[in-house]
Each structure stands twice: as C-alpha cells, then as structure tokens.
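Listed below are the residues making up each chain.
Number of protein chains: 2
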Amino acid sequence: MVEFAAGDAVPIAHPGSDRGCSNRLAYYWPPNPSHSPMNFCSQCGTTVIVRIPPGDDKPRHVCDNCGTIHYKNPLMVIGAIPEWEDRILLCRRAIEPRLGFWTLPAGFMELGETTGAAAMRETLEEANARIELGSLYTMLSVPHANQVHIFYRAQLLDLDFGPGTESLEVALFREDEIPWDEIAFRTITITLEHFFADRKAGAYQTRSGDIHFKPPASKT
Amino acid sequence: MVEFAAGDAVPIAHPGSDRGCSNRLAYYWPPNPSHSPMNFCSQCGTTVIVRIPPGDDKPRHVCDNCGTIHYKNPLMVIGAIPEWEDRILLCRRAIEPRLGFWTLPAGFMELGETTGAAAMRETLEEANARIELGSLYTMLSVPHANQVHIFYRAQLLDLDFGPGTESLEVALFREDEIPWDEIAFRTITITLEHFFADRKAGAYQTRSGDIHFKPPASKT
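Protein chains in written order, with my numbering: chain U, 4 to 223; chain Y, 4 to 223.
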C-alpha cells in the first residue's frame with residue numbers, strides 16, 4: 004500500500020486546440036450525471052430552496068412542502084487495466100468529454116453492482132472484452148469533479164475485442180507504444196505510470212491518492 | 004492486497020428483539036439518502052417516467068419536457084479505524100438505523116471531499132477525535148444497499164474525544180473487549196476482524212470484497 008499526494012499529479016499534453024502545449028493539464032473530467040441543477044422537489048414537485056437543515060452544517064436542497072432533504076454525493080468511476088502478455092488494452096473515446104483521447108475502460112458504477120462487477124461491465128461495454136478481474140490497484144479522489152476513480156488489475160481472456168458504442172477504436176499497447184500525450188484523464192495517466200513502474204519492480208501495490216484541480220497554464 | 008468473497012460475510016448477533024439469536028444477520032444498512040422515490044423532474048418540475056433512453060440498456064427516470072435523464076448511482080460510506088496503543092475507538096450510535104449499536108466512525112462522503120478528508124471529518128463529527136490518517140485498509144461493496152464502504156487505518160492524536168451529536172458514547176476497546184454482538188454493520192465487523200488478524204500477523208494488507216444480502220434466519 005503506497006499513498007501519494009497531490010504533488011504527484013501528472014501534467015499531460017492537451018491535444019486539439021492546444022496540441023504541443025505540454026504543460027497544459029487535462030482538466031476536463033467526465034460530467035457527473037447526478038449533479039445537474041436542482042430546482043424542484045423530485046418527490047412532490049414543489050420548488051426547493053437551499054438551506055442548512057437542523058442538525059446539519061452544510062447547505063442542502065430542501066423541500067418545505069414534503070420535508071425531503073435532497074443530498075448530493077460524490078460518484079464512483081470504476082475501470083480495469085486489461086493485460087495481454089506485455090500489452091495493455093486502451094479505448095479511444097467516441098464521446099465527449101475528451102472525444103478522440105485514449106482511456107482505460109471505465110465508467111460510472113450502477114445501482115446494485117459491486118465495484119468489481121462495474122469494472123467487468125465497463126470493459127465489456129467499451130471494448131467488447133472479457134476479463135478475469137485481479138486485485139484493486141488504484142483509488143484516486145478527484146474532489147473538484149466530485150468523483151472517486153477506482154481501477155482493478157485484470158487479465159484479458161481472449162483477443163476477440165473491438166469498439167463498443169462509446170469507443171472509436173480499441174487496441175493493445177506495449178509500454179513504449181502508450182500514447183501518453185493523448186490520454187483522456189489524469190487518473191488514467193497516473194494509474195498506467197504506477198502499473199509500468201510496479202511491473203518493472205516485480206511487485207504491484209494498491210495505491211490511493213488525490214488529484215486536485217490545476218487551471219490550465221497561461222500561454223507565455 | 005487480499006480479495007475475499009461473499010462467503011466471508013460474517014454473521015453477527017442481532018440484539019434487541021432478537022437478542023441471543025446469534026445466526027441472525029445484521030442486514031439493516033444505513034439508508035441511502037440519494038435514493039428516495041423520484042416522481043418529478045428536479046430541473047423543470049414535470050412528472051418523470053421510467054424508460055430506457057436511446058443508447059442505454061437500463062431504465063432511468065426521464066423527463067419528456069426538458070429531456071433530462073436522472074441517473075442514480077451507488078454512494079460511498081467512508082470511515083477510520085482510530086488506534087491508541089493497543090486499543091481501537093468505537094462510537095455507539097445515537098441515531099437509526101442500528102441505534103445503540105457500536106460502529107467505527109464513518110458516514111457518507113460529501114461533495115468536494117477526498118476519501119481521506121471524509122474519514123477525518125466523520126471521526127471529528129462522531130467522536131470529536133483528531134486522527135493522523137494511515138493507509139487505505141478495506142473497500143467493501145454492499146450492492147443491495149447501493150453503497151461501497153471504505154475504511155482507513157488511523158492514529159488517534161490525543162485522548163480528548165467524546166460523543167458527537169450522532170453518538171451516545173465513544174470509547175477505546177482492546178481486542179478482547181470489542182462488543183462483537185453489538186456491532187452495527189457487517190462491514191465494521193469484517194474490517195475489525197481483518198485488522199486484529201493482521202496486527203497479530205505483523206503486516207497489514209489493503210483488502211477489497213463484497214457483502215451480499217442474507218435474509219434473517221428463520222426461527223426454528
């Protein structure tokens with residue numbers, strides 16, 4: 004178990020309009036689908052107000068008609084690091100955010116799932132790939148996105164994979180083939196960097212840490 | 004890193020009306036505050052319907068007026084195992100569910116937090132206790148409750164603790180003093196069992212696993 008801190012956040016290149024500006028950070032995270040604006044009580048339809056409820060110390064969306072307090076909480080994004088011999092499976096995103104960038108298969112955990120089942124489902128959906136799940140590998144908090152990203156080690160079971168509807172293409176990469184300048188999210192970059200370092204060292208360690216928001220570097 | 008499976012779920016006694024029935028499981032989990040019934044669109048106030056949106060494969064609450072899809076996702080409950088020499092800090096719950104039962108300090112992760120910050124905040128709120136956070140220790144999926152429970156190791160920084168508003172009392176326990184028959188939730192029991200076994204073995208390992216619903220045993 005290794006903890007690492009915010010300082011370990013890895014700047015990655017931001018292609019597209021800023022291609023070539025290598026100190027620009029990939030600061031666009033998947034939008035959090037549960038955190039759309041709240042105007043009305045989802046239980047009774049009355050207009051909600053934002054207020055600190057009795058016994059609480061944080062503002063919440065409260066309904067004065069039916070008394071419901073509508074909490075909002077961070078979400079989990081769960082994924083896998085599918086291995087085949089010395090190669091890793093990556094997916095090129097067919098959807099925003101970060102359309103066209105490469106990612107490990109990952110997505111929002113669904114109701115009724117375990118974290119491991121979510122990693123397997125996302126790998127099947129995004130890469131049509133079957134995996135044998137390994138151990139928990141990284142757990143990274145992304146507080147400015149209200150998300151926790153969790154990745155498992157995994158063994159690809161066969162080579163019969165291909166892009167799902169959210170992927171443009173799916174491919175296997177050796178370490179020296181990884182498109183580091185075109186990785187979609189910082190948690191993917193950090194997870195892959197630890198993975199290759201651990202593989203070289205011959206011992207994998209579960210890691211947790213935090214990723215903090217860094218505004219894009221100004222152009223000087 | 005050690006994975007364990009559903010079979011490792013530990014039956015614990017259920018005091019109160021069933022005191023003494025040791026094969027009755029503690030199957031009451033904290034209610035999930037984000038999973039109240041959804042009747043109206045929180046964005047525009049129109050009645051929502053449940054339907055599988057285009058490109059999806061799961062039923063969602065959908066608003067046909069403004070087009071919003073209202074997703075629901077599992078939540079994280081984060082806590083700490085505060086150590087003081089050979090003793091562990093537990094809190095006796097002042098609120099339902101499981102009022103009067105003992106728990107490690109833990110609660111729902113808030114927006115804008117890291118998992119570590121949530122563990123420290125919950126320990127301060129429930130036990131008025133300051134901790135130095137250690138490594139990630141357990142991550143347990145509870146799919147029937149739509150929750151993932153995450154516990155960190157922690158060192159208590161001083162003995163100036165006491166019950167917060169959600170606790171009846173707070174106390175330190177040696178291993179042979181733990182009130183095993185009065186622990187509030189199975190994830191707490193499992194986390195403590197692993198902790199004491201690892202302490203005996205002289206090496207702590209991060210663990211992930213799943214807890215599945217088991218109905219209470221029938222009285223024969």
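Check before you lean on any hint, since a few could be wrong.
Since the list gives no way to pick out one identical chain from another, each pair is judged satisfied if it fits inside one copy or across any two copies.
Stated by the list, open to error - EDC-like mimics (lysine to aspartate or glutamate), calculated; alpha carbons at most 16 Å apart, straight line:
id	residue 1	residue 2
1	75	169
2	61	113
3	61	128
Everything labelled a hint here was simulated from the structure, so no lab data went into it.
Hint by hint, here is what the structure shows:
{"no.": "1", "hint": "75 x 169", "in the structure": "neither (27 Å within a copy, 20 Å between copies)"}
{"no.": "2", "hint": "61 x 113", "in the structure": "between (27 Å within a copy, 9 Å between copies)"}
{"no.": "3", "hint": "61 x 128", "in the structure": "between (38 Å within a copy, 13 Å between copies)"}
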